[in-house]
Amino acid sequence: MLYFIEQCLNGVQLGMLLFLLAAGLTLIFGIMDLVNLAHGSLYMLGAYFAATFAGMTGSFVFGAILALIATAAAGMVLEVIAIRPLYGRSHLDHVLGTFGLLLFFNELVRLIWGPAGMTLSLPSEMLSAVQIVPGIYYPIYRLVIILVTLAVAALLYILVMRTRLGMLIRAGASNREMVGALGVNIKLLYTLVFGLGATLAGFAGLMQAPILTVQIGMGENILILAFVVIVIGGIGSIRGAFVASIIVGLIDTLGRAFLPDLLHAVLSTNAALTLAPALSSMSIYMLMAAVLVIRPEGLFPAASK
Amino acid sequence: MNAAPEFFRKNIPASWLNPRTGFTAAVLAILALVPLYAAVTGDPFALTLFTRMLILAIAAVSLNLIMGYGGMVSFGHAAYLGIGGYAVGILWKEGFTSGFVQWPVAIAVSALFALVIGALSLRTRGVYFIMITLAFAQMVYYVAQGLDRYGGDDGLTIGNRSSFAGILDIDNNTLFYYLCFALLLGSVYLVSRIVNSRFGLVIQGGRSNERRMRAIGFPTFRYKLVCFVIAGALCGLAGALLANHTNFISPALMYWTRSGDLMVMVILGGLGSLFGPVIGAVTYLLLEEALSRVTEYSGLIIGPALLLVAIYLRGGIEGLFAGARRD
Amino acid sequence: MTEPLLRVEGLTKRFGGVVAADAVALELARGEFHAVIGPNGAGKTTLIGLLAGEIPPHAGSIRFDGSDITRLRVDRRSRLGIARSFQITSLFSDFSALDNVALAVQAHCGHSFRFWKDARRDAVLREPARAALADVGLGARAQIRVDRLSHGEHRQLEIAIALATRPRLLLLDEPMAGLGPEESARMVGMLRKLKGAITVLLIEHDMETVFALADRVTVLVYGRVIASGDPAAIRTDPAVREAYLGEQEARAHD
Chain Z
1 MLYFIEQCLN
11 GVQLGMLLFL
21 LAAGLTLIFG
31 IMDLVNLAHG
41 SLYMLGAYFA
51 ATFAGMTGSF
61 VFGAILALIA
71 TAAAGMVLEV
81 IAIRPLYGRS
91 HLDHVLGTFG
101 LLLFFNELVR
111 LIWGPAGMTL
121 SLPSEMLSAV
131 QIVPGIYYPI
141 YRLVIILVTL
151 AVAALLYILV
161 MRTRLGMLIR
171 AGASNREMVG
181 ALGVNIKLLY
191 TLVFGLGATL
201 AGFAGLMQAP
211 ILTVQIGMGE
221 NILILAFVVI
231 VIGGIGSIRG
241 AFVASIIVGL
251 IDTLGRAFLP
261 DLLHAVLSTN
271 AALTLAPALS
281 SMSIYMLMAA
291 VLVIRPEGLF
301 PAASK
Chain X
1 MNAAPEFFRK
11 NIPASWLNPR
21 TGFTAAVLAI
31 LALVPLYAAV
41 TGDPFALTLF
51 TRMLILAIAA
61 VSLNLIMGYG
71 GMVSFGHAAY
81 LGIGGYAVGI
91 LWKEGFTSGF
101 VQWPVAIAVS
111 ALFALVIGAL
121 SLRTRGVYFI
131 MITLAFAQMV
141 YYVAQGLDRY
151 GGDDGLTIGN
161 RSSFAGILDI
171 DNNTLFYYLC
181 FALLLGSVYL
191 VSRIVNSRFG
201 LVIQGGRSNE
211 RRMRAIGFPT
221 FRYKLVCFVI
231 AGALCGLAGA
241 LLANHTNFIS
251 PALMYWTRSG
261 DLMVMVILGG
271 LGSLFGPVIG
281 AVTYLLLEEA
291 LSRVTEYSGL
301 IIGPALLLVA
311 IYLRGGIEGL
321 FAGARRD
Chain D
1 MTEPLLRVEG
11 LTKRFGGVVA
21 ADAVALELAR
31 GEFHAVIGPN
41 GAGKTTLIGL
51 LAGEIPPHAG
61 SIRFDGSDIT
71 RLRVDRRSRL
81 GIARSFQITS
91 LFSDFSALDN
101 VALAVQAHCG
111 HSFRFWKDAR
121 RDAVLREPAR
131 AALADVGLGA
141 RAQIRVDRLS
151 HGEHRQLEIA
161 IALATRPRLL
171 LLDEPMAGLG
181 PEESARMVGM
191 LRKLKGAITV
201 LLIEHDMETV
211 FALADRVTVL
221 VYGRVIASGD
231 PAAIRTDPAV
241 REAYLGEQEA
251 RAHD
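Residue numbers (the numbering used here), protein chains in the order written: chain Z, 1 to 305; chain X, 1 to 327; chain D, 1 to 254.
None of these hints come from the bench; they were simulated from the model. Note that the Cβ used here is the ideal one computed from N, Cα and C, for glycine as well. There could be a bad hint or two in this list.
As the list claims (entries may be wrong) - Non-contacting residues of chain X with respect to chain Z, defined by C-beta distances greater than 10 Å in every case (computed):
1. 18
2. 27
3. 42
4. 45
5. 96
6. 100
7. 104
8. 112
9. 154
10. 155
11. 174
12. 194
13. 208
14. 210
15. 220
16. 283
As the list claims (entries may be wrong) - Calculated pairs, SDA-like style, for lysine to any residue (alpha carbon to alpha carbon, straight line, at most 20 Å):
17. D:193 to D:210
18. D:117 to X:192
19. D:117 to X:188
20. D:193 to D:216
21. D:193 to D:183
22. X:93 to X:43
23. D:117 to X:274
24. D:117 to X:190
25. D:195 to D:185
26. D:193 to D:14
27. D:195 to D:226
28. Z:187 to Z:81
29. D:117 to X:226
30. D:193 to D:115
Make a model of the complete structure from these sequences and hints.
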């Protein structure tokens, strides 16, 4: 039971990281109609920047702040130089172009930081467990991830729903031409939105760095999960991304934790051993398949153009 | 009296005589002569490299069928390379070494996967479709990683190439090369017949204007699904060839960036043209090979090059010859 | 008393807060030429969408030749004999005019799971297609790629494609949109030929055309049918004049 609760918390934590990525992806797609395969590269840059700056300053927090600024800047520069020419093109052109960017960034990181990857360490107190509810212990840092990303989600909600920028974002999502016709500086808006997405991605990357990984290609795996989240949640919908992230995070984590045991109970040892790792990683794809059958537009499809 | 030129002028359509055809013919001629070159120079590397090109060209041809002609941008096509390859590898490991068993099974299993994945994915369109095919392919990748018995993440070395009961000895690299070449030409011919048939016109019409297709009475879903299955099956054959070529299979065969490579080949060669994917495959792989000799960081050049192609080149390499033939 | 070919009852469709179709009721007898008119935004194109099967209704029913087709998909309805043309031209722009029409013929020529024979050399498909093109006056333009045809030729092609499916009911959504006087006259001539041969539901703004061709007219305002009857009656109906024709006449007298 305790193990179950712990795994649920892990699932929520994964879900929150996914949300940061998915929110950026879905915003960029919803407003600029751009498929961005290089989103995972920004996630990767966030982690690498954080590891580097934390190493230089000796502090995780300073390193994180500097990394956020650097990633946001990198994102906006990238938008101006490489992404702008792609607006209005077919999605295939987007896929081709951003795929090229992905290859480029992987190689660039390998050139600058070497192939070995990096580590980002935390002050040891952060990794110790704290009692959140009598009898249940959970690592402080993982709690921090959940709480901080929830705060970011709340900020994002306020930004999109309550500020002028957010209003422009929502208007742009449902009618691009009108927003342009109203005299809003569309170019600047797009750059800011892209920068926001980049920051969120970088933030996810640096948050998970101490507990998971900082290595080349780390963006690809989680990017696919983020795509699944968007498909399930509905492209263009942040609310959908939030709900779907939690669901996907929970199912993936719980699936990996409990499916092997379930299989052992039902099948012979050999069969279970062979199938377990494969099936548990399949669980979210089965979920996605189920959603596709029932609701191909996703759970919360945003207004279509 | 030389009647030959007269004969050619009367029997070959004028539309065939243009720079594009010339270029294609040149490429095919070069491909046909590679083993000769390898024998003369005693350098087996060229043969290995070009065999791989032929095999990936077959995969690109299959992707072009659904993507170029059908407008279905599948970002998970490398999965079928893997499935075909694993069919051969798994069967070999379980004692079925005959190509007469392995290759049909590779094709059939790939077709089956394409049927299931297609049935689910084709319910969506546009960017959803791209993401979903990507996700399903990655799922197959993870499943393969979990197959410890067949090497898991490290992959499986296949001790022997498929045997064809003495009829065909594909251990002979030159023979294998020409087999792949023949299969490539056969694939292109097959695609050429398909795309101009009634079925092909439905597929092309679906790419051009799906709403119109339904309005005139076509149940487009089933046709797209069948097309998807054909493409998957053909790519499965390529997978079987690849497993034989390298005597090795691993999940890396179907990592999603490999699907990206296939898409690049098709786009470079010009979407929806018959020989485009062949040219695209040859070009892309030659470029990759050449760059890797010059620098350790080829991605720094290929990456931006792809971006530039996406921004500036419409119709791909073939499009350079065709002008404004196709968008 | 023969069953009407098309019977629509209580057809309702809402888009968010907007009621695009408000309990629309309509009947078309076989061979009838029926026009639907109304101010812009009245829901006329929505009606075509509902009848063609692209838009699912919230309530109501559609009966075609006695059978309930309310839940049928677009392609099924087409195969039952309902054809439509689009208000905003929707063609296969990278194909020739002949290819466009031949595809329509093909759709009603059995299944298309034929993978080998060149369909462009199939007389079963090409001959009827050529005939349909000739009927609308595009015979000489058969081999031209659609994106090189003029707007007027596009509108003609829309009709040819619809006719090539040998429909029993033809839904025409403003076929004369954007046509000049000569082209309009030609289109009217074509429509006149259809009168009596096929059942037609025509949406059109050009009042002269409507009153010249239609057997009966329905007036749609804000998704509601406010009048339905023969052209003379509609012309003099006070509600119609006020809502629609009156405005036009008032402007004409300025």
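Checked hints:
no., hint, result
1, 18, "holds, 26 Å"
2, 27, "holds, 22 Å"
3, 42, "holds, 34 Å"
4, 45, "holds, 24 Å"
5, 96, "holds, 19 Å"
6, 100, "holds, 27 Å"
7, 104, "holds, 25 Å"
8, 112, "holds, 15 Å"
9, 154, "holds, 14 Å"
10, 155, "holds, 15 Å"
11, 174, "holds, 34 Å"
12, 194, "holds, 22 Å"
13, 208, "holds, 14 Å"
14, 210, "holds, 15 Å"
15, 220, "holds, 15 Å"
16, 283, "holds, 14 Å"
17, D:193 to D:210, "holds, 15 Å"
18, D:117 to X:192, "holds, 11 Å"
19, D:117 to X:188, "holds, 16 Å"
20, D:193 to D:216, "holds, 17 Å"
21, D:193 to D:183, "holds, 16 Å"
22, X:93 to X:43, "violated, 31 Å"
23, D:117 to X:274, "holds, 17 Å"
24, D:117 to X:190, "holds, 12 Å"
25, D:195 to D:185, "holds, 16 Å"
26, D:193 to D:14, "violated, 36 Å"
27, D:195 to D:226, "violated, 25 Å"
28, Z:187 to Z:81, "holds, 12 Å"
29, D:117 to X:226, "holds, 17 Å"
30, D:193 to D:115, "violated, 38 Å"
In summary, the numbered hints that this structure violates are 22, 26, 27, 30.
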